[in-house]
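**Student:** Sequence:
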Amino acid sequence: MDNSAKRLGKVLSLNRLSGTGLVLATLFFALSLTPSLVPRPLVAQGIVSGLSFTAGYALGVISHMLWRYLHLPEPNPTLKRYLKWLAALVCLSISIIFLWRAAEWQDSIRELMGMTAAEGTRPLSIALIALGIFAFLSIIGLLFKRTFKLLSHKLAHILPRRTAYVLGTVASFALFWMVIEGVLFTYALKVADRSYQEMDEIFQDDLDPPDDPMKPGSADSLISWEALGSRGRRFVTNGPTGAEISEFLGEQALEPVRVYVGLNAADTPIERAQLALEELIRVGGFERSTLVLATPTGRGWIDPGSQDPVEYLHRGDIATVAAQYSYLPSHLSLISEAEYGVENARALFTTIYEYWSAMPRDQRPKLYLFGLSLGALNSDLSFDLYDIINDPFHGALWAGPPFRSDTWRNVTADRDPGSPAWLPTFHNGNVVRFMNQYQGLDEATGKWRNFRIAYLQYGSDPITFFEPEAFWREPDWMRDPRAPDVSPQLRWYPVVTMLQLLADLATSSAPSGFGHEIAAKHYIDAWVALSEPPGWNEQALQRLRDRFTQRH
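For the sequence shown, our numbering assigns the number 1 to the initial residue and increments by one for each residue that follows.
You can take every hint at face value.
Think about it this way: if two alpha-carbon atoms lie no more than 27 Å apart in a straight line, the pair counts; the simulated DSS-like pairs of lysine-lysine are: (1) 366 x 447; (2) 84 x 145; (3) 145 x 80.
Since the hints were made in silico from the structure, they are not lab data.
Turn these sequences into a full structure, and let the hints guide you.
**Tutor:** Shown next, in the form of C-alpha cells:
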C-alpha cells in the first residue's frame with residue numbers, strides 16, 4: 001500500500017472521523033433518499049447521496065470546531081469513544097431503514113407519472129457510490145488543508161498569525177478556484193465544444209438534399225446543405241408535408257415553410273440573421289398568414305412535438321425561421337455561451353422584426369415567438385419591450401422556461417394572491433398566462449389582449465423550479481396546494497433538497513407530459529389558445545392530439 005492510500009485510510013478510519021460529522025452526514029445521506037421532482041437513476045442517486053453525506057459531515061466538523069473555539073464543555077475521552085461507537089450504530093440503523101424505504105419513495109413519483117414501479121434501489125450500489133464521492137471529496141479537502149497550512153506558515157513569517165490564517169484561507173480558495181474553473185472546467189468545455197462540432201459535421205442522418213428549389217439546402221437555396229448542420233437538415237426535411245396535412249384534414253393544405261441557418265453558415269450572428277431573412281423572403285415565408293420565430297435549444301434542436309402540430313393547426317399556411325447558436329447541449333451552453341445565445345437570438349429577432357414591421361399591417365403575417373428550455377430563455381431576452389411597444393408582435397409561447405428567466409421569475413413572484421407558484425395567475429391573465437398538463441390557457445378570468453405571452457410548464461419540471469435558495473429556505477412551489485404531478489411525500493430539508501433538485505436538473509428523467517418532457521398534445525392546446533387557428537372544433541382537435549400521442 002503506497003503512502004497516499006495509507007493517508008486515505010487514516011482519513012476515513014473511524015477513530016479519526018468526527019462523531020458529530022458522522023451523525024449529520026448520515027442524517028443528510030438518509031434524507032437524500034427521499035423523493036424530489038422526478039425519479040432518480042441509480043448513479044444520480046448515488047452522487048446526490050454522496051454529496052449530501054459530505055455536506056453533512058463538513059457541517060458537523062465545522063460545528064464541532066465552533067464548539068471547541070467557544071471553549072464549551074466536552075465529554076471525557078472514554079465517554080467520547082463510547083458515544084462515537086453508539087453514533088456509528090445509530091447511523092448504520094438509520095441508513096438501512098432509509099435505504100429500505102427508498103424504492104417506496106421513488107415509486108411515489110413513478111405512480112404519479114404513470115410509470116411502472118422500480119425493481120429496486122440497489123442499496124449497496126448507492127452506498128458504494130456515495131462512499132466513493134465522500135472519499136474523493138475528502139482527498140480534495142485534505143489537499144486544501146495542506147495548501148492552507150503551507151500558505152499560512154509562509155505568511156506567518158512576515159505577518160501576524162491571525163492575519164496569515166485569513167490570507168492563507170483566501171489564497172487557498174483562490175488557487176483552487178483558479179485550477180478548477182480556470183483550467184479544468186474551461187479545458188473540458190473546449191473539448192466538449194470541439195467534439196460536438198465534429199459530430200455535427202460528420203453526422204449525416206442518411207438524408208438527401210431536397211429537390212424542391214423552395215427548400216433550404218436545395219441547389220437554389222442561399223443556405224447550402226452542409227451549412228444547415230445536422231439539426232437543421234432534420235428540421236427542414238422531417239416536418240409534415242402539405243400532402244400529409246391535406247390527407248389528415250380532408251381538405252387542401254399548403255406546404256409549410258421552414259428556414260434554418262446552421263452555425264457554420266456565416267461567421268457572426270448578424271450575418272446569419274441576414275441570411276435567414278433573405279432565405280425567408282426567397283421561399284415566400286412573409287406571404288404566409290402566420291410566422292413563427294423559433295429559438296432552438298443549445299445544440300440547435302427544435303422539438304418536433306412543438307412545431308409539427310402548429311403546422312397542422314394552420315393548415316400549412318405558416319412559416320418558421322430559426323438559427324443555431326451552439327453545438328453544446330443546453331446545460332453546457334447555458335454555462336459557457338449564455339451571452340452568445342442571447343446575442344444570436346437578439347440578432348435574428350431584430351432582423352426579422354424590422355422587415356416585418358415595415359410591411360403594411362394588412363399584408364404581413366401574424367408573428368409569434370417560440371422557445372423551449374434554453375430556447376425560451378434566449379427568446380425572452382431577444383427583444384426589449386420598449387422597442388416593440390408601438391408595434392408589438394402577436395405573442396410568444398415559452399415552454400419549460402428555465403429558472404434563470406427574469407421575466408418568468410418576476411411574473412411568478414408578483415402573481416395574483418391565492419394563485420400557486422407552480423401555476424400562477426398574473427393580473428387576471430390579461431397579457432401573461434400559464435398552463436400545464438391539467439389546466440389550459442383559457443382558464444384565466446381576464447380578457448387576453450392582442451399581445452400575448454403563454455408559459456407551458458409542468459409542476460414537476462426541475463429546469464423550471466430549481467432554486468439555489470432551496471439551500472436555506474423552502475421554495476414557494478413546495479407549499480400547499482401542490483402541483484398534482486409532485487409527490488405528496490416530497491419534503492424540504494436544508495442543503496439536501498437543493499442537491500436533490502440539482503440532480504433532477506441534470507438528469508430530468510421523466511416520461512412525456514411530466515418533468516421537462518413537454519407532450520405534443522399540450523403544445524396543441526397552447527397553440528390553439530395563443531394563435532386561434534380557424535376551423536377547429538374539439539372533435540378535430542382530439543383527432544390531432546391522438547395522432548401526435550401515437551406518433552411520439
